[in-house]
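Colleague: Guided by the hints, dock chains B and C onto chain A, whose structure is given.
Going down the list, the protein sequences come from chains A, B and C. Residue 36 in this note's numbering sits at position 36 of the first sequence, with consecutive numbering throughout. For this note's numbering, count along the second sequence from 1 and bump the result up by 309. For this note's numbering, count along the third sequence from 1 and bump the result up by 484.
All clues stand as given, with none of them false.
Reference excerpt, derived from the structure (chain B facing chain A, CB under 8 Å, subset only):
hint	residue
1	Arg382
2	Pro419
3	Glu420
Quick list of the computed label-pair ranges, beta carbon to beta carbon:
hint	chain 1	residue 1	chain 2	residue 2	range
4	C	Pro1055	B	Glu420	44 to 50 Å
5	B	Asn364	C	Arg1027	19 to 25 Å
6	B	Arg382	C	Lys1017	32 to 38 Å
7	C	Glu928	B	Ser375	54 to 60 Å
8	B	Arg382	A	Trp59	39 to 45 Å
9	C	Leu886	B	Val317	39 to 45 Å
10	C	His1064	B	Arg382	53 to 59 Å
11	C	Ser617	A	Leu275	55 to 61 Å
12	C	Glu928	A	Gln250	55 to 61 Å
13	C	Leu886	B	Asn364	57 to 63 Å
14	A	Trp59	C	Pro1055	34 to 40 Å
15	A	Leu36	B	Asn364	30 to 36 Å
These aren't lab readings, by the way, just hints derived from the structure by calculation. Heads up, the beta-carbon is just placed ideally off N, CA and C, and yes, glycines get one too.
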Amino acid sequence: MILLVQWLLVVAGAPLLVGFIRKTKARLQGRCGANLWQPYRDLRKLFIKEVVISETTSWIFRFTPYVVIGAMLVAALIVPVLTTAGGALSLGNIVLLMYLFLLATFFLALAGLDAGSSFGGMGSSREMAVAALAEPTVMIAIFAISLRAGTTGLSDMINVLAGDRLLLLNPGHLLAFFSLFIVTLAETGRLPVDNPSTHLELTMIHEAMILEYSGRYLALIEWASAIKLFLFFTLLGNIFIPWGIGRTEQPAAVLLGLVALVVKLAALGVSLAVLETSVAKLRLFRVPALLTGSFMLALLAVISFFFLR
Amino acid sequence: MKLLLRKVIGTAVVTEPGRPRDADIETLGHALSERVRKLYGRSLHIREVDAGSCNGCEIEIGGLNSPYYDLERFGLHFVASPRHADCLLVTGPVTRNMADPLKRTYDATPEPKFVVAVGDCAKDCGIFAGGYGVFGPVSSVVPVDVVVPGCPPAPRAILAGILKAVELRASGSVR
Amino acid sequence: MANRISLWLTVPLAVLVLVGGAAGLSGWSFDVVLPHVLPIGGGVALGLDRLSAFFLVIIAAGVLPCAVFAFAYTRHQKPERDGMTAALAAGMSLFIVSMACLVLARNVLTFLVFWEAMSLASYFLIMTENDRSETRRAGWLYAVMTHAGLACILLGFLTMAQSSGSLSMTAWAQAAAAIDPSKRNVAFVLVAAGFLSKAGAIPFHIWLPRAHPAAPSHISAVMSAVMIKLGVYGLVRIGFEWLGVGPRWWGVLILLIGAVSAVAGVLYAIIDSDLKRLLAYSTVENVGVILLGIGAGLIFHSYDLDSLAALSVAAALLHCLNHTIFKALLFLGAGAIVHATGTRNIEEMGGLLRRMPQTGALFLIGSLAISAMPPLNGFVSEWLTFQALLLSFRVPEQFVNLVFAIAIAALALTAGLAAACFVRAFGITFLAMPRSECVKQAHEVPWTMRLSMGVLAVLAAVLGIAPVVALRPLGYVTAQLLGEQPDLAFSLSGVVAGGSFAAIAPGWVGLTLAVVIFAVWLGFRLTGGSLRKRYYDTWGCGRAVHSPNLEYTAAAFANPFKRVFAFLYRPVTAIEIWPHGESRLFVKTIKYRHESRSIIEEGIYAPLAAAIRRTSARIRAVQSGNVHSYLLYMFLVLVVLLLVAK
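In isolation and in its complexed conformation, chain A is listed as follows (with noise of 0.2 Å):
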């Protein structure tokens, strides 16, 4: 019940976490912006349209969007979200959610190619690109946590780095911080890897491979991109940060699990938008740069948990 709870709370909170660090930049910008439940009058319209298909699209390309969808959807399954007891379906620790991720990444760059269009293909090339790059500082970065945490099961690592108090206090564990938040910026296609609001085909990463998309497929993806960006949000905050989630079943734990992640969700877009606002987007081939500083940084992680021991 708990699980059912949680995971509708991860469907139907990603677009108001969008349309909050929308909002969040907005008045950054001095501007009033648009309302914080946009994202969702967005979405219903969408579903009310006729989607136009291009004639040299296979059924790929109308598969992908139910096969990304299906991909988060299952990964909302296994984060534990407001209680580590009950609140996650034990299918796989986060390297299966890493897995996840990337078989969405997967059709999305199939579906980028298929409608024969260099915009599309051009998407589809950077984006795997991206991908590709990000994977092994993920990979050391969880190499770092369970080096900590001694598992790798989410629920699990979350409860024993929530008995170490001095926990922040630990290079280690904010080294792999920094990676992870930098990998999520990749990941989910925010500046300064990639703007998520641009116009320009030259410019665009996630964008260009969904430029094909209208109805309700382009629902799919952009609901899609919302989860993606909440449990990306919702993992950095109960691992680095782990208190505030519930331990237990009871409802009085799951409520004080929700407050605790309305708080750290708020923190991080805050800090997202502030980032956003204040650098422009890195030039495409500066982008594995990037990365491999925040592979350098999760390096750095582990090895100071092996000097550190």
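Modeller: Same frame as chain A, now just chains B and C:
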């Protein structure tokens, strides 16, 4: 970074308040179902098409994205692809080279959709009427629902035109 | 007619091998010595144990679909090639028999005889289409490399035989503790070099990307899927059994070779436009992943962490089996494409998914499996390898921990790059519009070809959803090899590794994915009502985008990788411009060349070959053609021999 943060924190929200008035727009009528009207009233995605304009209208449209006019607060949003759009914002007298691309852009937009022609050139070719490179006004290529005259029209008028196009009821169509 | 003979010969042989393997895995074993067959070296000694049985299953799993595929593939050959097809059948049968007997071999002579038989059989199979100079060069290089490997193996075996006094490997295992460690190290290095060259690890891989594209597709499939694994088999044997427990640098060496092979292999695959050479480099990458598991196992074994070692070896062997299945599937798919379109160049392909829907769907399953996507089989073995590497923190030494960190990073990079590689391979080949005329006429392939691919795809799915099927026998294999079962627990829902370190339920993942996708689709059907669909052109900024010229090319797709990894590719760029005769400002032709070079070939093999040529040129002076100098040589040698014999 410090300078930026200081400016950001020091400057308040500068958006002008309220919704624009109905002045200076001509309507040609279009039927949108009640449900679609309600939905489009809250979320409208716009694709801007420059069919050979001098860019005067583009600058005014660009002003709509600025913090002062801020069209995002009405739920409007500019998008990159016509597949994502509900409304086409067309400027310029349609030149010969842009006639076909404009038609393709219109066909690539999913239903329900409508077209807002911005500027005197879009209305009746303006000062370029009769030129050798000009194909005709926008209405000769795609069906137009609202025309916002002016050379160039003020951003407030453009915004009124877009919002009017959404709010129109079934009143018969004049094409 | 000839291909029917081929079918009736090879399929029963493969089935026999499969039966033997299955029997061996369920516990049946034998040990037989036939001293009369070969009067020297102790005769022929064959024995079946669980590891051999597992490899018999791998051989059968690879060979059986390829044999069925060959039926239709070789049918449309020209009539004068009928004799060639019959020879192919004989070669294939010899190949299967020699591979099966190789894993059963229990003494040096038997092993080497069957090793050489396998190499010769594969050489003749590669040289099937020897009217092309590319094939002849590839065959020659393969022959040289495989015999160089044989020489290394022979030297290593003889070193061990001399130290232990016996030519039987089981005797070595028992005497290993007493043998001088330096001799064992030398033996390990030599024999490992030989086996690594057969497996196709860097830097011994240069024959792979030439030989595999040159051979007919089902032969490439068998070579890539099965023969490579025999190098791995040899490595597992010498690392864990025949040479006793080794020092940790054995494992570190294999681990590093694995890491380099994995990353470099996939990097070369991602820039290649020849479909079969791309798959060959991808084999190098997967061998790297297998070696990561074996290297980790060797390191754990040297630290006496045997259950972890068993876990690593189980992960590596599972990846062997999985790779056999999905690489065979991919090569057969490539064969189907070549059969239908007549070209291997993916830059000329496109839109094949509409023209060959089933082949396309099966190739997609192969691509997903090789990119380690859940819920297919590649994901399970890569997941296990990751867990084995992540568990390395139990080793108390920091240097080893750092080596493992590098290995983890290499494996992760490989995983991402492999996904990119196969998005490119599948996407450019099957999606969008055809890029050339011959591809427009492509048609679906005969049902026997599709059947063989289908069986492999089903196997991939089954092993992905229920890996217990393979992992439980592997537990017994490692128990026999290392003395301990791997650190795995099986439950109905899945696999738990390392105590409570990591858990996965691949069957449930697959089921949940399927249910969720179906539920979303059903939800739309029930509430969406009218899904209005309209077909229109691709959006190209208003231009008419009917031309395939505007599609993304394979070279363009690989461009970001070419730029990021330029330190490996060392590309050579050349631009030549020919202006019009009348004015320099008008350009007639521009020729742009951007070629990547192989640092291994240029850095290692080219200087080596040059040195050999130089030395042999100097030694050639000895063969002066003058009878008097030959008489002098004979006299001098006679004098030397008399002195020595005294």
